[in-house]
Structure formats: C-alpha cells, structure tokens
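Quick note, the sequences are listed as chains A and B, same order. Here the first sequence is numbered in the numbering used here, starting from 1 and rising by one per residue. Here the second sequence is numbered in the numbering used here, starting from 1 and rising by one per residue.
You may find that some hints are simply not true.
As the list claims (entries may be wrong) - To give an idea of the chain B side of the interface with chain A (calculated C-beta under 8 angstroms), a few residues:
#1 His37
#2 Gln95
#3 Asn98
#4 Asp100
#5 Arg104
#6 Met108
#7 Phe110
#8 Gly134
#9 Thr136
#10 Arg181
#11 Val242
#12 Gln244
#13 Ala246
Just so you know, the hints here were simulated from the structure itself, not pulled from any lab data. Where a beta carbon is used, it is the ideal one built from N, C-alpha and C, also for glycine.
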Amino acid sequence: MSHFSPTAAVNYFFNYFLMKGVLVTIGLTVAAVIGGLILGMGIALLRMSSNPALSGAARIYIWFFRGTPLLIQLVVIYSGLPQLGIKFSVITCALVGLILNEAAYLAEIVRSGFMAVSAGQREAAWALSLSPWTTFRRVTLPQAFQLMIPPLGNSINSLLKATSLASVISVEELMRRSDMLMQEHFQILEVYAAATAYYLILTSVWDAVQRRLEKHFGRSSAAKSRRAGARVPVAQTSVEASA
Amino acid sequence: MSEISMNTATNGGIEGVNAQPQLREVPAVRMEAVYKHYGDFTALNEVDLKVAKGEKIVVCGPSGSGKSTLIRCINHIEKHDEGLIYVNGIELDHQRKNIDAVRRDTGMVFQSFNLFPHMTVLENCTLAPMTANGMTKAEAKDLAMHFLAKVRIPEQADKFPGQLSGGQQQRVAIARALCMRPKIMLFDEPTSALDPEMVKEVLETMKKLAEDGMTMLCVTHEMGFAREVADRIVFMNDGKVVEQAAPEAFFKQPKSERARTFLDQIIH
Numbered sequence: 001m002s003h004f005s006p007t008a009a010v011n012y013f014f015n016y017f018l019m020k021g022v023l024v025t026i027g028l029t030v031a032a033v034i035g036g037l038i039l040g041m042g043i044a045l046l047r048m049s050s051n052p053a054l055s056g057a058a059r060i061y062i063w064f065f066r067g068t069p070l071l072i073q074l075v076v077i078y079s080g081l082p083q084l085g086i087k088f089s090v091i092t093c094a095l096v097g098l099i100l101n102e103a104a105y106l107a108e109i110v111r112s113g114f115m116a117v118s119a120g121q122r123e124a125a126w127a128l129s130l131s132p133w134t135t136f137r138r139v140t141l142p143q144a145f146q147l148m149i150p151p152l153g154n155s156i157n158s159l160l161k162a163t164s165l166a167s168v169i170s171v172e173e174l175m176r177r178s179d180m181l182m183q184e185h186f187q188i189l190e191v192y193a194a195a196t197a198y199y200l201i202l203t204s205v206w207d208a209v210q211r212r213l214e215k216h217f218g219r220s221s222a223a224k225s226r227r228a229g230a231r232v233p234v235a236q237t238s239v240e241a242s243a
Numbered sequence: 001m002s003e004i005s006m007n008t009a010t011n012g013g014i015e016g017v018n019a020q021p022q023l024r025e026v027p028a029v030r031m032e033a034v035y036k037h038y039g040d041f042t043a044l045n046e047v048d049l050k051v052a053k054g055e056k057i058v059v060c061g062p063s064g065s066g067k068s069t070l071i072r073c074i075n076h077i078e079k080h081d082e083g084l085i086y087v088n089g090i091e092l093d094h095q096r097k098n099i100d101a102v103r104r105d106t107g108m109v110f111q112s113f114n115l116f117p118h119m120t121v122l123e124n125c126t127l128a129p130m131t132a133n134g135m136t137k138a139e140a141k142d143l144a145m146h147f148l149a150k151v152r153i154p155e156q157a158d159k160f161p162g163q164l165s166g167g168q169q170q171r172v173a174i175a176r177a178l179c180m181r182p183k184i185m186l187f188d189e190p191t192s193a194l195d196p197e198m199v200k201e202v203l204e205t206m207k208k209l210a211e212d213g214m215t216m217l218c219v220t221h222e223m224g225f226a227r228e229v230a231d232r233i234v235f236m237n238d239g240k241v242v243e244q245a246a247p248e249a250f251f252k253q254p255k256s257e258r259a260r261t262f263l264d265q266i267i268h
C-alpha cells in the first residue's frame, strides 16, 4: 500500500458521486453569500444607526458570531436546537449556520465600505438636492461597493472552504463525500487529492471572477492615481467643518 | 438678468408681509442671530447677514473663524442651532420641504471638489437634473454640455474626474452646480486645494459667473479676486462677523484691529 496511484486519483476526480458533492459545495456557498449579504446589509445598517439600542444589538450579533467557531454554531443548530423542539432538515441547518455566520463578517465589510466613502460625497449630493434614495443608490453604494470587493472576495474564499465544516453535520458536500469514498476504498491520498483539486479549482475560479469585478468597478479609480494638480484634499471638509 | 427681476416681482408680494418697509425685494440670504455650536466650541456666534440678489460677497477671516460654517448653514449642510435663516424668502426651519426648496435655489462648490469619482464628467453633471428635476437624458445632456462649454471644458465630458487636473475638476464642479440652475452660488474655499498655477482658471470662471449677475458668497483667501469681484467683504473672527465693508474701504482702512492684523499677515 505504500504507493500513490495517480490513475485512482484521476478516477476519483471524475467520480460522479464526488462531482455531485462539488455541486452541493457550490450551492451552499452561493446561497450563503446571497443570504449573508442580505442579512449582513441589514446588520450593517443597524450597526450604523444612531439609535444605541439598534447599533448595540448589531454589535452583539457581530461579536457573538465572529467570536465563536462556525463548527460549534453548526453543531448547536443541528443537534442542540432539537432539544428545544426546533428541528430543521440537514441542508437547512447548514444554510442557517453559514448565513448567520457569514452575515456577521459581511456586515463589518459593508459597514467599513460605507464609512470609507468621504463625507464630502454625501454633502455634494445634498447640495445638488438629490433625494436620500438617489444619494444612496447612485453615489454612496457604488463607491462603497468598489471598496468592499477585495475584502468581500477574501470572505467568499474563506466561506467556500468553510462549507466543508457542514460535513460534520452530515451534509453531503465535497468533503463529506470524499470521506465516504475514503472509508469505502481506503485510498486516502487519492480521494483527498481529487477533493483538493476541486477546492483549488473553485477558489481559482472565484479569484478570476474577483479580479474581473475589481477591474470593472475600478475603471474610474485606475485613473485616480494619475491625477495631477490636486493636493490630495483628504477629509479637508470635515476638518474645516469642525474648525 | 430677466430671470432675477422676474423672481423679485413674483416674490415681492409674499415678502411684503414681514419685510421691513424700506426693503423692496426679498434678500437672497437673510441671517438673524444665528448660532452654531460644536460641543463647547461656538462656530457661529450671533451672526447677522443680509445678502441682496445679485450681490457678490467674499467671506474672509482667519482659520477657524466660522466662514465655512457660515456658508454651509445657508444650504443646511450644517444645521444652525439658533437664529433665523431665510434663503430667497424661504425659512430654513429644519423642515424637509423647506430644506429641499433652499437646496434647489443654491449651488455649492467645495474645497475638495467632491465630484463623484465613479461617474464621468457628463454623468456628474446630468445626475441631479435627471433624478431631482425629472429631465430626460437628452435634455440633461444638452444642459450639461452648455455649462461645460461655459466653464470651457466640454471636450472632457467623457472622462472621469480622476483623469482631470485639479483646476479642471473644480470647473466641472462649478458646471455641475450650475446645471441645477441655482439662484445663489456658495463657494467654500474653491481654490485652496489647487496648485498655484490652476487657481487662475477657476477664479476666471467665477468672475464670468459674477458678470452674469449670479448671487455669490465665496469663502476665499484670494484677495485679488475679492478686490475685483466682491461688492462687499464680510470679515469673520471667532464665529462673529466683525466687519463688513466694500473691498476698497476694507483693504485700505479696515475698521477693526483684528482685520488689520489679518490683512497684514495674508498680504505680502
């Protein structure tokens, strides 16, 4: 047994059973990103609220879900909550856990994106009599989004790999199905080589997508570095305002 | 000019009710005992100011004297804490409706330009006319090109702000404000963030605007501009309007000691 069989590894890579696991991994990631972004936006809005109760609640949420391992969160949802009579299907448990956890990280990314848009942008929008909705949709959001893409990309990369934790609560995604193949055939290196290849392909595809996004949304800021004649008026308005 | 006199005529009746008898037309800006505090700091300390239609005011004074706060209160980018502010007869009483009306009448140019970096020059200029004034894209584009031509920069319409020089960006910012057809233009140190060789092109644009009869309030340290364009200089110190005078008188013989030392320091 002291050898590695490349043929077996390739066979596992094209194993239909494993491929279906890959689809589950992709599905979990996409659903958790979408759900996490929606929930995370809401939490970010609460966090930025001037109402101390709302921002406090958001802060506690973020503190809790970022401060505990995703693994514990998944296990508690899957096997702890039934004790209280709350029971979901396996896949729902995984989604709930991943979304709740991801939202905490995305909320901070969304918030920092909005905070980084200079106050002058909002002031200019007010001075032009833009409505609050237009100001948000056309001025603040696009600029915040551009700033969010790099950290968002990192977070999604982590999430993609974190879906493997769902294997612990028996979601048959890529990791779980690799375990199952491994236990059946006991070709440990060969099976995990195939799984590793899939994870690398997925993260590389996402990297490429992220680069495209950065390029697309960064088209105006690429020119920014060539700016001439402005003495980088960073935050001068706020200094002046408080003067 | 005809637009200005027309407005006077239509607003005259309304203003007649609470205006002082000798006042024939609604002032563009009227501030009475305005206060603004930042914590313990008093940025505006009982400021009274009246600006007639078509008048060009230069606000000057040492750093931290409240000049920027003063003009930022006029379009409610800063909320004043006490006192009355009327803009074209509309009271700025923190009501949304009135704030909107005042902001429609005023355009503002900032020290740091504040152009929207993710939009082209043209999009910067057409956004507000299209979304706030309901213009069609074609109408807004015509309007934007008209004002971009006026600030002599129409060929840059499809560039992003980051591709322009500081002086060009500030001229775009002026055009963008003009696209909302304001009756009053507020300038908050429009040339302070510019390299010296770009100051002139922006001041020239502002002069042209002044010649067209625009009501203007400019916070600026450009004393040459003040001398040439201003009808009145408003000198501020410690949140107070210390002195108001025609440029001639102000530069030759400032009444207050504070203005004298200020002028000594900035005129080399």
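Discussion item. Hint by hint, where does the structure go against what was stated? Just the numbers, ascending.
Written reply: As far as the earlier hints go, 1, 2, 3, 8, 9, 10, 11, 12 and 13 are violated by this structure, in ascending order.
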